[in-house]
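Colleague: Heads up: the sequence lines are chains A and B, in that order.
Per numbering that gives the first Met the number 0, residue 0 is the first one in the first sequence, and the count goes up by one each step.
Per numbering that gives the first Met the number 0, residue 0 is the first one in the second sequence, and the count goes up by one each step.
Where hints are given, some of them may not hold.
[Unchecked claim] Pairs of lysine to any residue, SDA-like flavour, derived with a Cα cap of 25 angstroms:
hint, chain 1, residue 1, chain 2, residue 2
1, B, Lys83, A, Arg312
2, B, Lys83, A, Lys17
3, A, Lys17, B, Arg96
Worth flagging that the hints you see were computed from the coordinates, not collected in a lab.
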Amino acid sequence: MKTTDLIEETYWALTANKARTFLTMLGIVIGIASVIAMIAIGQGTQAQIQASIQSAGANLLFVVPGTQRGVGIQVSGGRGSAQTLTEADANAIASQVPLVQAVAPSLNLRFQVTAPGTNTNVQVVGTTPDYAGVRNVQMAEGSFISSANLRSFERVAVIGPTVESDLFATGTDPVGKSIKINEVPFRIIGITVSQGGSGFNSADDMIYVPLTTAQQYLAGDTYISQISVEAADSQSMDAVQQGITNLLLERHKISNPALADFSVYNQAQIVATASTVTSTFTMLLASIAGISLLVGGISIMNMMLTTVTERTREIGLRKAIGAQRKDIIYQFLMESVAITFSGGLVGIVLGWALASLLSLLAGITTQISVFSIVLAFGVSAVIGILFGYYPARRASQLNPIEALRYE
Amino acid sequence: MIEVRNITKTYSNGDISTQALEGVSFVIKDGEYVAIMGPSGSGKSTLMHILGCLDTPTSGQYLLDGKNVSSFSEVELADIRKEKIGFVFQAFNLLPRATVVRNVALPLMYAGVPKEERMERARGAILAAGLDEAHLYYRSNQLSGGQMQRVAIARALVNNPTIVLADEPTGNLDTQTGEIVLGTFKKLNDEGRTIVLITHEPDVAIHAKRIIHIKDGKILSDTPAKDYENH
């Protein structure tokens, strides 16, 4: 029996009962489509999270205060609660740690911010001009905080696009306008470009003010809550991390590194952690979708078993006129593989459409990867063979005499 | 040529064993038209299965064109069926939604004949079986019983078999249609085909030229059909 004959026989057999073929195929279509869509959502989320972490700047390290400790006793406050970092620490890092490109200390506070008639609650970042370079903040309008602003404790603010839309009507230019941060009036000097990302720590939902101003008018203290450090290149990240740790341990007079009152994170670690979380999330979504694929496979087996029973006499006839066992196996296997294969194709298209629709309507970032398509295709072919083999073997083992007599 | 030498067939079902054939011997030469006749349970179906290479005898020899097929494996038997046997069944056994020409060409597909040749030979067999050109692309379930059986006959002829084995070919047909089908066999035999008709009806059997009457697994008589009427 030639392959072209096999394909032709398969075509005839599957078109003989179109409704049943369609419904069986539907199971695979839904299974494959959901696997594709779910992986697309998972990988899209992963890519989005990574992009938003990367958008904060390249080769970045963060120094944050550690646990606050009492003298002699191990009473701990929350991480970052200690007020142990100072601007002097930041300057020391900039001048003493090798391979450091730039350093930007910042004081992060959360305040109610008001413009005439509106108000919002945002993160206010008191920082230095270097922050723009280190954290990749770009200006849509106006300018970032200058050294002059910093020196003269000026009450000026740079706002993110989300803050702009929260406080000002569209069409109005906020630059030059005045807002009140914690009742203190500030003049807006610039608006940043959107960096994307959403939620708690979005760079779009922030207000930047000079560090000196923040310390004097908003915090009333001289500590800082974060030091952002840019390493010279990605290879020097580990060296810089170690250099900062050693320097700060020395400056804070701590001999046991386990008792450090600060923590140094590097961006690669944060990306890696986020990737682990999103991979697990993707796997979870894919496995749920995989269950529907399994159900689809079982429905194929069910249909094929029914078909074999229904076509017992046909099988008997085919054997009587000279079909070998393998001819019968191939014929029935081909039918189930054809169903899963075409179902897989339709499923990929549908899954892709679903993912596109989701990102279009629900704003979920999706990413269709070649991997997920290959996976879906492979899985559907394997399902066809796996769930088609048993019915096909059963058909091939029918005794032609009994099969021909079958009522 | 078919040569059957002292064939026996025993079916064992657990402790009970049934002897369906108890030493059957005969020779059917090329071009003969033989009816194997007997009541149900006589062993004629078993004999047909062995002659059709669907089954093998328990003992004895079956020579088909000089080849001893009685000890062939399942794979070898399928090959022999493909080359040397044409079946016509009581229930036609056509693929219902397939066209006449596809039904008839089916054995050639398993024989690996190229498609164009298959269609050409199927066409020839359909015309030989007494159907006309117009029927080629009918679906087999649009045909009458008599037409269906003639499609089945065409299918049996298409691989140029050594023998055409017809198992109760008129069993599902009314008398008049049955006569037409039997007429087709007569015509084919006149053209030189070897035909073996298995039936339980003497009225059908007398259409053949020779009648082998079997009962209880043994040959009761083996006579020319014209003599049979004297019994």
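Colleague: Run the structure past the numbered hints and jot down the numbers of the failing ones, going up.
Modeller: Violated hint: only 2; rest satisfied.
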